[in-house]
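The lines below spell out each chain.
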Amino acid sequence: MFKKINILILFIALLSYETISLADINLSGYGSIVAGRVISGDEFLSDYPNAGVYDRDISFSPDTSIGVQLIASLDDSFEFVIQAVSNGATDYDIDLDWAYINYQLNTELTIQAGRKRLPLYYYSDFFNVGYAYYWIRPPADNYTWQISHYNGLSLQYQPYIGEWDVLLNLYAGREDSNDNELLSFLSGVQVDETWKNMVGIVAEVSKDWLEFRATFMQGQLDRSVNGVVTAQNVKQKFSGISVNLYLYEFIILSEYNQYVRDASDIHVDTRMLSLAYQLGAFTPHVTRSALHQKENKFGGDEDHNTISIGLRWDYNKNTAIKVQFDRVQDEGVAIPILEDSDTVSIGVDFVF
Amino acid sequence: MFSRLNIFKESMNKKISISFLITVLVLMLTHAVSAFADAEKSVGVLVAADSSPVHKISILEVRRLYLGLPSSDGLIKETVINLADPVAYKNFLKNVMHMTDNGYRRKIVKRIFRQGGRKVNEVENISEIVSYLEEHPYAVSFMAEETAKKTKSIKVVQVLW
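One line per chain: the protein sequences are V and F, in this order. Letter by letter, the first sequence follows residues -7 to 344 in the working numbering. Letter by letter, the second sequence follows residues 25 to 185 in the working numbering.
In isolation and in its complexed conformation, chain F is listed as follows:
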C-alpha cells in the first residue's frame, strides 16, 4: 500500500517537475521572442548631412571608422558618437562595434596614444549632432531610425541594425 502511494507521489512529482520545466521554457521562449521583437522594432541608421556626398558603405567599414581607421575611399573624415540616445548607443556598441562601452573606450584610448589616433567626437544632444553634420559634410553619426525620420537637414545613409 505504502509502496503504491510512494509510486503515485513520485509520478506526481515527476509530472509537476516536467510541467514546471515546460512552464519555465515557455516563459523563456516568450521572453526571447518579445526581446527579439523589441530588437526588430529598434532600427538604427547611419546619418549624414543632407548635402553630404557620403554614400552607403559596409557595416564593417563603419566599425573601422569608429575605431579611428580611415575609410576605404577617403570620403568620410569624421565620426560622431551619439550620446543623446543611450539606447541607440548601446545598440550601436552591440550590433556594430561588438564590444562593451568600457572595451570601446579602452580601445580608442590605446589607439590614440599608441598610433597617433584622434579622439572620436561625442555629442550629447541631437540638435548639436545635426549642427555638427551640417558644418562637416564628410562626417557621419548614428541614431534610431524614428529619430532620423523626425530630424530635418540629415539623410539616412544606411541601416545599421
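One chain only, chain V, in its complex shape:
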C-alpha cells in the first residue's frame, strides 16, 4: 500500500515537470549472470532476501540479476531516481529497488523521499551490484534479513573534511512484505511481515586506503503466519561496524553485526573477514563468514559459517568474470539452514 502511494506521488511530481527533456535523463545499469551447482550436500541458500537456492543441478536463477537506473533531473536541485531490478531468484519479476525524489538542499546536504534499499550493513544497499565487489555475492551469512527496503525519508550529509570522504545518513520508514520470500520459503507457509517505525543512522568515513562504517537501526516488527498474527509491535535493533583496508595490492575487508529482538530472546551475531590480493586484473580472495544465534529460552538457535575461495578477473573496465567455491557448515540444531554444502559458481558482472 505504502509502496503504491509513494510511487504514485513520485509519478505525479514527475508529470508536473512538463519541461523535462531527454537531455535531462541519465540511464545506467548493471547485471550479473551467474551459474552454479552444489557439488556436495543438497542445497545452498546463496541469496537469503530473495530465497535464491542452488541444488545438485546447474542453475542460473539464484544469483542472476539485472538492474536499470534512470535519473531524471527536474531542475538543478531536484531529481527523480528509479532503479528497477529483475532477480532470477524471484522468477525474474521486476521489483523497484529504488524510487525516490532527491532534493539537494546545498552542496553537502540532500533529502530523499520514496523507496530505497535499507542500508543495514555494508553491502545492503548495493547487494545486487556484483561489479562493485569481488565475490559472486556478499557473504550470505551476513545478509540473512527478510526485509531489504524501506519507504520513507532519508537525509544525507557529505561534508568536506580534508582528504576524508564522509557520509552521514539518517533515515526513517517502513516496509510491508506480503508472502515474504525468505520467511515463506523457510517455513513452508505464507508469512506476512511488516517492519515499521524504523529509524536508522549510518556513518561512513573513508580515504584512499581505509574505509570505516558504523550503522544502527531500530524499529518494530509485525508478523502473521497463514493469516494468524504471531508478533505485533515487537522491538528490534540492528547494529554493525565494518572496517576495510586497501594496502597497495592487499585488501582486507571485515564486518561485525548484531541483531537483537529481546521479546523473542533472539540475539544474533554475524561476522566476516576477507583477504584479497590484486595481481593486475586478477583478484584472488578468501573469506570466512559466520552467523551465530545462541540457543534461547524458546529453543531456537541458528549457527552456520561459510569459507569462500574465489577469483575475480577484470576483463575490461566494465566487465568482471568471477569464479567461487563456497563451503557451508551448518551447525544449527533447532533451525538448520539447508545443512552442510559445497558449491561452485561462475559468473559475469557488468555495468553500463
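It is worth saying that the hints were derived from the structure and are not from the lab. Any given hint could be a false lead.
Mimicking DSBU-like on lysine-lysine, the simulated pairs with C-alpha atoms at most 30 Å apart in a straight line are [to be verified]:
(1) Lys173/F x Lys101/F
(2) Lys131/F x Lys229/V
(3) Lys229/V x Lys134/F
(4) Lys174/F x Lys134/F
(5) Lys199/V x Lys227/V
(6) Lys199/V x Lys80/F
(7) Lys101/F x Lys188/V
(8) Lys199/V x Lys118/F
(9) Lys229/V x Lys289/V
(10) Lys101/F x Lys309/V
(11) Lys143/F x Lys118/F
(12) Lys134/F x Lys188/V
(13) Lys101/F x Lys179/F
(14) Lys199/V x Lys101/F
(15) Lys134/F x Lys173/F
(16) Lys174/F x Lys101/F
(17) Lys143/F x Lys173/F
(18) Lys143/F x Lys199/V
(19) Lys179/F x Lys188/V
(20) Lys143/F x Lys286/V
(21) Lys114/F x Lys199/V
(22) Lys143/F x Lys179/F
(23) Lys114/F x Lys134/F
(24) Lys174/F x Lys199/V
(25) Lys199/V x Lys134/F
(26) Lys101/F x Lys80/F
(27) Lys199/V x Lys131/F
(28) Lys143/F x Lys131/F
(29) Lys188/V x Lys114/F
(30) Lys114/F x Lys80/F
(31) Lys114/F x Lys131/F
(32) Lys101/F x Lys118/F
(33) Lys199/V x Lys309/V
Computed, partial: chain V to chain F, Cβ under 10 Å [to be verified]:
(34) Gln96
(35) Arg109
(36) Tyr123
(37) Asp200
(38) Gln228
(39) Tyr307
(40) Lys309
Note that the Cβ used here is the ideal one computed from N, Cα and C, for glycine as well.
Got chain V sorted already, so can you dock chain F onto it with the hints?
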C-alpha cells in the same frame, strides 16, 4: 696466525658489507632523486573550454567533483576523465584522487547505484575531450601541462600536480 687471518677476513667482509650497503643506498637515493625529478617534470593541469566561466578551485574540490559530488558554487556540472594519456590518468589518480584505478571504479559504481549518481564521462582522444569541453562550458578535464599548451580552444584552470 690463523686467528689473525680470520680477523683480517672478518674485517674485509665487514668493509665489503658496508661498502655494498653504501652502494645500494646511493643507488636507491639516485633512483629516488631521478624519480622525484621525473615527478617534478610531469605537471598536470585542470582544463576547461576557452569560453568557460569556470575558475580556480581547490584540489580537494576537484577530487569531490570526480567522485560525483556537486561543486561548492554549483558552477562545474560535469567532469571528463582523460584516458587518452595513461600517464596523466595514473598521475591524476595518484595525486588528486589518492586511489588506484580499481578503487576509483569501485567507488564510482557504488556511488551511482547507492546514491543515484551519474556516470563520469571517459574520453580516449584529446580532440574529443576538446570538442566535449567546447560543447559543455561547465565541464572540466585534466591533462599534462605540455599537452594543454599545444592544444587550442582550452584554458588551464589550475595546476593539479
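Consistency of the hints with the structure:
Proximity of Lys173/F to Lys101/F is assessed by CA-CA distance (about 24 Å); at most 30 Å being required, the pair is judged to hold. For the proposed pair Lys131/F and Lys229/V, the alpha carbon gap of about 29 Å is at most 30 Å, so the pair holds. Among the hinted pairs, Lys229/V with Lys134/F is consistent with the structure: their alpha-carbon atoms are about 26 Å apart, no more than 30 Å. Note on Lys174/F and Lys134/F: the hinted pairing is violated, with a Cα-Cα distance of about 36 Å set against a maximum of 30 Å.
Proximity of Lys199/V to Lys227/V is assessed by CA-CA distance (about 36 Å); at most 30 Å being required, the pair is judged violated. Simply put, Lys199/V and Lys80/F have alpha-carbon atoms about 24 Å apart, close enough for the 30 Å limit, and the pair holds. Using a Cα cut-off of 30 Å, the hinted pair Lys101/F and Lys188/V is violated, with the two alpha carbons roughly 38 Å apart. A threshold of 30 Å between alpha carbons decides the hint, and for Lys199/V with Lys118/F the separation of about 13 Å falls inside it, so the pair holds.
This hinted pair checks out: Lys229/V and Lys289/V have alpha carbons roughly 19 Å apart, not beyond 30 Å. Distance hint between Lys101/F and Lys309/V is fulfilled; the C-alpha atoms sit about 24 Å from each other, no more than 30 Å. Straight-line distance between C-alpha atoms of Lys143/F and Lys118/F comes to about 21 Å, which keeps the hinted pair within the 30 Å bound. Pair hint Lys134/F plus Lys188/V holds up; C-alpha atoms about 27 Å apart against a cutoff of 30 Å.
Only pairs whose Cα atoms come within 30 Å are accepted, and Lys101/F paired with Lys179/F is accepted, the gap being roughly 17 Å. Between Lys199/V and Lys101/F the CA atoms are separated by roughly 24 Å; this keeps the pair inside 30 Å, and the hint holds. As the CA atoms of Lys134/F and Lys173/F are separated by approximately 36 Å, the hinted pair breaks the 30 Å bound. Taking the CA atoms of Lys174/F and Lys101/F, the gap is about 26 Å. The hint holds against a cut of 30 Å.
For the hint linking Lys143/F to Lys173/F, the alpha-carbon distance of about 28 Å falls within 30 Å, and the restraint holds. Pair hint Lys143/F plus Lys199/V holds up; C-alpha atoms about 21 Å apart against a cutoff of 30 Å. Taking the CA atoms of Lys179/F and Lys188/V, the gap is about 55 Å. The hint is violated against a cut of 30 Å. Between the alpha carbons of Lys143/F and Lys286/V the distance comes to roughly 45 Å, so the proposed pair goes past 30 Å and is violated.
Using a Cα cut-off of 30 Å, the hinted pair Lys114/F and Lys199/V holds, with the two alpha carbons roughly 18 Å apart. The suggested pairing of Lys143/F with Lys179/F holds, with an alpha-carbon distance near 24 Å, which does not exceed 30 Å. Proximity of Lys114/F to Lys134/F is assessed by CA-CA distance (about 21 Å); at most 30 Å being required, the pair is judged to hold. Pair hint Lys174/F plus Lys199/V does not hold up; C-alpha atoms about 35 Å apart against a cutoff of 30 Å.
Our distance criterion of 30 Å between C-alpha atoms is met by Lys199/V and Lys134/F, whose separation comes to about 15 Å. Distance check on the hinted pair: Lys101/F and Lys80/F sit about 15 Å apart at the alpha-carbon level, within 30 Å; holds. For the hint pairing Lys199/V with Lys131/F, the CA-to-CA distance comes to about 11 Å; that is within 30 Å, so the pair holds. Using a Cα cut-off of 30 Å, the hinted pair Lys143/F and Lys131/F holds, with the two alpha carbons roughly 11 Å apart.
Proximity of Lys188/V to Lys114/F is assessed by CA-CA distance (about 48 Å); at most 30 Å being required, the pair is judged violated. For the suggested pair Lys114/F and Lys80/F, the alpha carbons sit about 22 Å apart, so the restraint of at most 30 Å is met. Between Lys114/F and Lys131/F the CA atoms are separated by roughly 16 Å; this keeps the pair inside 30 Å, and the hint holds. Pair hint Lys101/F plus Lys118/F holds up; C-alpha atoms about 23 Å apart against a cutoff of 30 Å.
Between Lys199/V and Lys309/V the alpha-carbon distance is near 22 Å, which keeps this suggested pair within the 30 Å criterion. Satisfaction of the interface hint for Gln96/V is found here, the shortest Cβ-Cβ separation to chain F being roughly 7 Å, below the 10 Å cut-off. About 8 Å separates the beta-carbon of Arg109/V from the nearest beta-carbon of chain F, less than 10 Å, and the hint is met. Annotation: interface hint on Tyr123/V holds; nearest CB of chain F at approximately 6 Å, less than 10 Å.
At about 4 Å, the closest approach between the beta carbon of Asp200/V and any beta carbon in chain F falls short of 10 Å, and the interface hint on this residue holds. Interface restraint check for Gln228/V: the shortest CB-CB distance to chain F comes to about 24 Å, outside 10 Å, so the restraint is violated. Because the beta carbon of Tyr307/V sits about 13 Å from the nearest beta carbon in chain F, more than 10 Å, this interface hint is broken. Checking Lys309/V against chain F: minimum C-beta separation of about 7 Å stays under 10 Å; hint holds.
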